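Chain B: place on chain A using the hints.
Number of protein chains: 2
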Amino acid sequence: MKAAGIIVEYNPFHNGHFYHLQETKKHSNAEVIVAVMSGYFLQRGEPALVDKWTRTKMALQNGADIVVELPYAFATQKAEIFAGGAVSILDSLFVSELVFGSEEGKIDPFLNTVTLLDDQRAEYDSLVKEYIHKGHSYPKSTSLAFQELKGTNHCADLSQPNNILGYHYVKAIHDQNSSIKPETVLRTKAGYHDAEFSDASIASATSIRKKLLFEKEPIGSVESYLPERSFIHLKHFIKQYQFLHGWNRLFPYLKYRLLTAGRQELSAVYEAEEGLENRLVECVRTAASFEEFMEHVKTKRYTWTRLQRLCVHVLTNARKSDMSPALETGKASYIKLLGMSKSGQEYLGTIKKRSRLPIISNQNQYEDPFIQLDRKAADCYALGFPEHFRKEWLQKEYTTSPIRYDEINRKFQ
Amino acid sequence: MKAAGIIVEYNPFHNGHFYHLQETKKHSNAEVIVAVMSGYFLQRGEPALVDKWTRTKMALQNGADIVVELPYAFATQKAEIFAGGAVSILDSLFVSELVFGSEEGKIDPFLNTVTLLDDQRAEYDSLVKEYIHKGHSYPKSTSLAFQELKGTNHCADLSQPNNILGYHYVKAIHDQNSSIKPETVLRTKAGYHDAEFSDASIASATSIRKKLLFEKEPIGSVESYLPERSFIHLKHFIKQYQFLHGWNRLFPYLKYRLLTAGRQELSAVYEAEEGLENRLVECVRTAASFEEFMEHVKTKRYTWTRLQRLCVHVLTNARKSDMSPALETGKASYIKLLGMSKSGQEYLGTIKKRSRLPIISNQNQYEDPFIQLDRKAADCYALGFPEHFRKEWLQKEYTTSPIRYDEINRKFQ
Chain A
1 MKAAGIIVEY NPFHNGHFYH LQETKKHSNA EVIVAVMSGY FLQRGEPALV DKWTRTKMAL
61 QNGADIVVEL PYAFATQKAE IFAGGAVSIL DSLFVSELVF GSEEGKIDPF LNTVTLLDDQ
121 RAEYDSLVKE YIHKGHSYPK STSLAFQELK GTNHCADLSQ PNNILGYHYV KAIHDQNSSI
181 KPETVLRTKA GYHDAEFSDA SIASATSIRK KLLFEKEPIG SVESYLPERS FIHLKHFIKQ
241 YQFLHGWNRL FPYLKYRLLT AGRQELSAVY EAEEGLENRL VECVRTAASF EEFMEHVKTK
301 RYTWTRLQRL CVHVLTNARK SDMSPALETG KASYIKLLGM SKSGQEYLGT IKKRSRLPII
361 SNQNQYEDPF IQLDRKAADC YALGFPEHFR KEWLQKEYTT SPIRYDEINR KFQ
Chain B
1 MKAAGIIVEY NPFHNGHFYH LQETKKHSNA EVIVAVMSGY FLQRGEPALV DKWTRTKMAL
61 QNGADIVVEL PYAFATQKAE IFAGGAVSIL DSLFVSELVF GSEEGKIDPF LNTVTLLDDQ
121 RAEYDSLVKE YIHKGHSYPK STSLAFQELK GTNHCADLSQ PNNILGYHYV KAIHDQNSSI
181 KPETVLRTKA GYHDAEFSDA SIASATSIRK KLLFEKEPIG SVESYLPERS FIHLKHFIKQ
241 YQFLHGWNRL FPYLKYRLLT AGRQELSAVY EAEEGLENRL VECVRTAASF EEFMEHVKTK
301 RYTWTRLQRL CVHVLTNARK SDMSPALETG KASYIKLLGM SKSGQEYLGT IKKRSRLPII
361 SNQNQYEDPF IQLDRKAADC YALGFPEHFR KEWLQKEYTT SPIRYDEINR KFQ
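As given, the protein sequences belong to chains A and B, one line each in that order. Per this note's numbering, residue 1 is the first one in the first sequence, and the count goes up by one each step. Per this note's numbering, residue 1 is the first one in the second sequence, and the count goes up by one each step.
Pulled out of the complex, with its shape left as it was, chain A reads as follows:
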């Protein structure tokens, strides 16, 4: 059986994601689509709007065959580490292609970019440092350094967010000597960070979250941007739990931790560098909301995303010593199965014995330093639920089996 891989967050699953899944099938001719999905906390340093089990259902009903979790240690990370973890999982699951969405839309510029940067790494690094020294943010500096280096080569435009991720996917495949073939599809209409709706049926996840979380619009206002079988899950979640998850649900815990941790414990947190953690402590006392807090914390030097990720690590108490193995190997050490279709199940049967990494259905049966981080992340996420659901959610991580979906009869089993 031929499998293609995708790397996703589905926060929440919208029409653009559906298009990406369809294009992946078309491009790859694969019988099985494997999605590596972030769990409870996302790359930009935010809790997911709805839980990972709900998002898994959205994915399975819309064409994914296998959904596995990107461990916390890779999920809430800059693009390089995020990509490395995800690619190592897809590699271990023997997908033949990785298909990602990009502003570029063609694969050659990515391959050119990787080759270029591989050949001229030292020069690139020193240029990046130079730009950071001039006061630019890290992403801006990498982009400027690259512009300078590439000259007239046709390379991917690394100022575009999906191109950056795509570049790191291709680079990870290259660095890990993986046989996966990278492919890309053009992202249409809605830019990654677009906060406004640009079309009647396609909108970015960011703009959908903004409408629901900050503008407090009713759920119906986003209906046209989600496939029906995604919208129903979102609606069901809101009806059942009477909330949508977001930073403000966890802000009391972050505040508590920042005010009681003390300098020593805070400086041990992953990504707590250059006294940034002390800045968080100073700003948190008087902030009435997470947004207000971030506005106080923000400086030109650090991106919003960088600061939010630090906040997640403070919240989950992910320490440098916990995270360093992720940086050393750059690869995942297990694969946590969240859900599968019948085809997915069949495919897993054919590769399970060959897989380099253990495939875990019940995480109680497996111990790993990164699993502990996943649990802490799950516990923090659970504590953000309304009080009478917390007990239930604090146990969900230990009691939920992978979701099974019968794609022929279109029902969960």
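The hints are simulated quantities; they were obtained by calculation from the structure and are not laboratory data. Among the hints, erroneous ones may be present.
Which copy? The list can't say, so a pair holds if one copy fits it or any two copies do.
Claimed, not checked - Under the rule of at most 30 Å between Cα atoms (straight-line distance), these lysine-lysine pairs were calculated in the DSS-like manner: (1) Lys210 to Lys391; (2) Lys396 to Lys298; (3) Lys26 to Lys134; (4) Lys78 to Lys181; (5) Lys239 to Lys140.
Predicted, not measured: the structure shown is a model, and the values here were computed from it.
What follows is chain B alone, placed relative to chain A:
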């Protein structure tokens, strides 16, 4: 001016406390009563029902002239350390007498007890160990050891909770070579731990809290047990903040901390011994309330109070390394002024320059390792307030000046 000292918690201030204040004035003939009061967390390991500023007002309106705070490092401690800290503060404020309530009611049995235990310390310690080894709790073991040792001497009955505290006050005076003269008044009617009301006007603070917090009785149900000027403050607090403080308000934070701290950080917490902290972690996930949690945690080996105190230290993240100075010297290093009457102010003017310890009116002006613990305790207490009051309360510790009371015209200034 002659001053007498008392050591109190006022959680909340009731008729028994009023009686104690009156008796102290009568016994000592003092012009000024100095009360050393616990702050936000109490000896039994609980947050105070109402904040320390409200309790200071209750005290001043009912006859106390100076209210100073017992620092966190002494307040949430076993009797020995609690007493040592409080006595060191009273000694530094030059009170001539310390008057405490006891079941015994006469001072000689306490003096006899201190002398006896001073002479036969080694024998006593080995007896206590023996009883602990036999499976008795620490307080029970000390009581049994003492019974065995005293023979026919007339000593204080150390199975009674107020006698235990009283014994430690007298012992601290003795150990610190203080010139304070200890005195005691008989506690009437309501036992320290009595959970039921035993009289029409006298009830223990425990029974009052039980009625309000667990039986959810209306505030009017305890009116007859509180002096009017205490009841009004309690009523006002409830009206203003729509809650009374208690462990359940802080349980989400305790839960969060226990689930994310990890073994290393938890074992660094003060009083985390013999793996007790791991027991807390195991029990916390499924507990729906603090009461339920404690029921799961409780074993014969540890008293409820011992476990609650550990929970407070986990919550405030008070580490062994933070607390050890309190154990080494056994004495306070500053005096935090919470409130004073006109007489109290006059008295402070006469002794301020002689005081061995700095008397602090605004804690921003003073740095001390124990002040940091007081701040963490204040922050945790503040986070238990309903959300829209948290910002205000997170700043109160830094912005509130000592309360001034004009006892002649009976009004606050």
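Hints, verified against the model:
no., hint, verdict
1, Lys210 to Lys391, "both (29 Å within a copy, 25 Å between copies)"
2, Lys396 to Lys298, "between (35 Å within a copy, 26 Å between copies)"
3, Lys26 to Lys134, "neither (45 Å within a copy, 75 Å between copies)"
4, Lys78 to Lys181, "within (23 Å within a copy, 67 Å between copies)"
5, Lys239 to Lys140, "neither (41 Å within a copy, 53 Å between copies)"
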